[in-house]
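Protein sequence lines correspond, in order, to chains A and B.
For the first sequence, our numbering assigns the number 2 to the initial residue and increments by one for each residue that follows.
For the second sequence, our numbering assigns the number 149 to the initial residue and increments by one for each residue that follows.
To be clear, the hints were calculated from the coordinates, so they are not data collected in a lab.
Note that the structure is a prediction, hence the values are computed from the model and not measured.
Non-contacting residues of chain A with respect to chain B, defined by C-beta distances greater than 10 Å in every case (computed): (1) V60; (2) V66; (3) E91; (4) P143; (5) V171; (6) P221; (7) V424; (8) V474; (9) F492; (10) H544; (11) T609; (12) H635; (13) T667; (14) R785; (15) H792.
Among the chain A residues that face chain B by a calculated CB cut under 8 Å, a handful are: (16) F39; (17) D44; (18) E126; (19) V261; (20) R294; (21) T727; (22) I734; (23) I740.
Note that CB positions come from ideal geometry on N, CA and C, so glycine has one too.
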Amino acid sequence: MSTPNGTPTKITQGSQTKGGIGESTLRPDGTLKVTGEFAYSSDMWHEDMLWGQILRSTVAHAEIVSIDTSEALALAGVYAVMTYDDLPTEVKNYGLEIQDTPVLAHGKVRHHGEPVAIVAADHPETARRAAAKIKVEYRELPVITDEASATAPDAILVHEGRDDHHVGHVPHPNIVHRQPIIRGDVAAARERADFVVEGEYTFGMQDQAFLGPESGLAVPEEDGGVHLYIATQWLHSDLRQIAPVLGLPERKVRMTLSGVGGAFGGREDLSMQIHACLLALRTGKPVKIVYNRFESFFGHVHRHPAKLYYEHGATKDGKLTHVKCRIVLDGGAYASASPAVVGNAASLGVGPYVVDDVDIEAIALYTNNPPCGAMRGFGAVQACFAYEAQMDKLADAVGVDRVEFRQLNAMEQGTIMPTGQPVDSPAPVAELLRRVKAMPLPPEQQWLSAGEEADVRQLPGGLSNTTHGEGVVRGVGYAVGIKNVGFSEGFDDYSTAKVRMEVIAGEPVATVHTAMAEVGQGGVTVHAQIARTELGVTQVTIHPADTQVGSAGSTSASRQTYVTGGAVKNSCELVREKVLEIGRRRFGSYHPAWATAELLLEGGKVVTDGGEVLADLVDVLEDESVEVEAEWRHRPTEAFDLRTGQGNGHVQYSFAAHRAVVEVDTELGLVKVIELACAQDVGKALNPLSVVGQIQGGTIQGLGVAVMEEIIVDPVTAKVRNPSFTDYLIPTILDTPTIPVDVLELADDHAPYGLRGVGEAPTLSSTPAVLAAIRNATGLELNRTPVRPEHLTGS
Amino acid sequence: MRVNFTVNGRPQEADDVWEGESLLYVLRERLGLPGSKNACEQGECGSCTVRLDGVPVCSCLVAAGQAEGRDVVTVEGLADFAKQRGEQGGCASGASGASGASGSCGTSLQDAQGWSAKGQDSQTGEGTELAPIQQAFIDAGAVQCGFCTPGLLVAADEMLERNPNPSDADIREALSGNLCRCTGYEKIMDAVRLAAARQGEAV
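Just chain A, same shape as in the assembly (with noise of 0.2 Å):
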């Protein structure tokens, strides 16, 4: 079979750009994108190629009585449909840690919108309405939608006959996973305490809601493998699920990065890779899968919704005793990352202040809801917004200023995590609260800036024109966070670069390629900048992403840059050394300092550290290239012990702070949040552009779960309500404030060039922030987000 058109993710980055890392260097691929040329895996295309469509189920809960596929079958331009029985191997699940996903439903379905059958077709509306022709027969089962009843003694069980990893230690089998976290004496420190607060929150079912829905084109090749074009946070994990349901080696099983439409956790699951694979090699045809919105709110997994039970205690002096808290995460039918998303919550679930006495559980549910898996601040966004309301209110109880309280309070290098685990890099929590208290406060009033009108487009309300500025009051509230940075548990999360330099047309050049999934964060142009600081060139090559060169781990958990970053440095560190190897054996007998001094690559040319040129790249290269693949690691992690909670778990910490301001009518109910300015560490801004661009961009996400962002699972069906940009409302330009960012860089010794990851933490504290500004903007209590106008109005 011939190349798809359109290489998409092959960039090179003209050598007029200079930047190495610490410039603001702009995207290789931003021309392609703003001309529309960038190739999303949506836009992928091949000769004679087939769509693919998947049938869904339409309840949550049932056995499957019978399905019959013949009236499909029967429609002209159907070349294939596919059932579990049509599944060629034994491997009939999959999942990221626990195999628990069918391929295909066998026998019963466990959520609403679960796969049950597959078509492939030669237009896309025939594979939909064969898709609508296979009849399917439920016989429906009573739902399981919260802990009462997935705990209840006669619960049925989500999973019946469970054998993984984590069945040994939970006390119920409609539980993935519960990891309690145990220090100090929780009964005693409340002895001790002035003050003590309790609260319940409810956090709801969030969205990543990507644009670019999930896509991908399967096409067969000649040795019997398949070919996938794909959009995903992590090739080599897809890999390692697919392949053995197809029955192939994984050789045979090529995988190349397409465009990616935004990720935030939501692909870190497969989707529709292996329908996809199956339909092409049954067929023999390239087959292509798009799903619409309205599939793409089933196809992926969703941000954990929770409910969250905390009490803090203080002294009058304003000093937290204890924090006791217990997190219930609904994890959905299958466990996806429900596991470690557990672990997060559980060892973040106190947020980044220093208290000795802790007693924490968090548990994910299996339920009848759809699954819940990777989100954007996974675990920790859900702990953030309820332990930033109780600081809310324990600092009101002892009668402290909430920002003061929380300085007294804030954590910093060096302090003991609930794990044991020791802070051990900077850790600016009270600088950041400090930095971010101080910016400017907008105008009072702002909606008369303009002039002497109001200009409603300011107020809340906007164009509805329901207010000019009556019953409008302000409100102002602070949060902040802690996220941890990489894969923590003791998961071996490394990643894998190569690198080549060569001479082309009379310049050096390097060629990075990796496997890291460039989701739009911009791991690409910062990977181009590591290689520039590192070997001295100005033009880089950014090779496709693909199974072609080792694992580059997931683009999440704020890890890329650290890890993949890592892993680019280290190789072209190595090839460097190489280089120079050569440059020794050529030009060595000229110039002693080849042998004496410290020599770095800048500008094309070896030079001493005192910055005298000994040699030009190119004359030291010639025709040789030079090539490394090495993997790279940080430092490793341990394990949780299962019954205290205590172990060095993490990697890294990354902190941010977020000031909301808020103008709330609260005749009505609507809320317009003014400005989120938000304050972070980032340890080095290796950009410091696209730095600021993630810092905005994950503060509107919380912007979104605080006042519009939930998807509606009925309580007594199970059914998605909403599952449209109608019914699930994301922040549109207009529903967003300004966004000052003042960005901190506080080198953390542990991680290449001091970097700190930088894409979740400011998901954490926005939502907390707004909630904190309407609270303070009504007087109301709030213990849920989102926050809908009935919530403000009692009505």
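Guided by the hints, dock chain B onto chain A, whose structure is given.
The following block gives chain B in isolation, referenced to the frame of chain A:
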């Protein structure tokens, strides 16, 4: 059915179009112009925004047959469209209203049909001539995943044509039909302000 219309200044003929197909589908799947994106298919996200006889529309909501005999501009043709407008002294460049018989801002049908996009064969896009709004999106860091970018560019370019000196509230209002999930919109605001400022300098 067969649909005849003009896309980026070139006459196009799409055959075997099923009556239910949208303009977006025909552009992407039949004419090889995948720049316009499908992200919601119900007119909520603006990723498929194109200009139909000069008016920005969600092409997912336009039946292909409705485009018969009409003129479409997509992101692929935006650079040439803007260049042509500049050469003709359209409103966006601050010159008098040569773009329409009435002298109003906006591009007349006659103008829209009077230009054509050039071929573009660069693999990397380097050296490509860009519309000012395209360059501003790159320079301001307004592009992350880029899936919303084509629709935003078409919408923002059209707004700057009508309103060369927009206030922030004007920009937000004009772009409120275009969802972006990556940027938090701040750098999109920066990009539009930058394009407006550069336009102003060029006068």
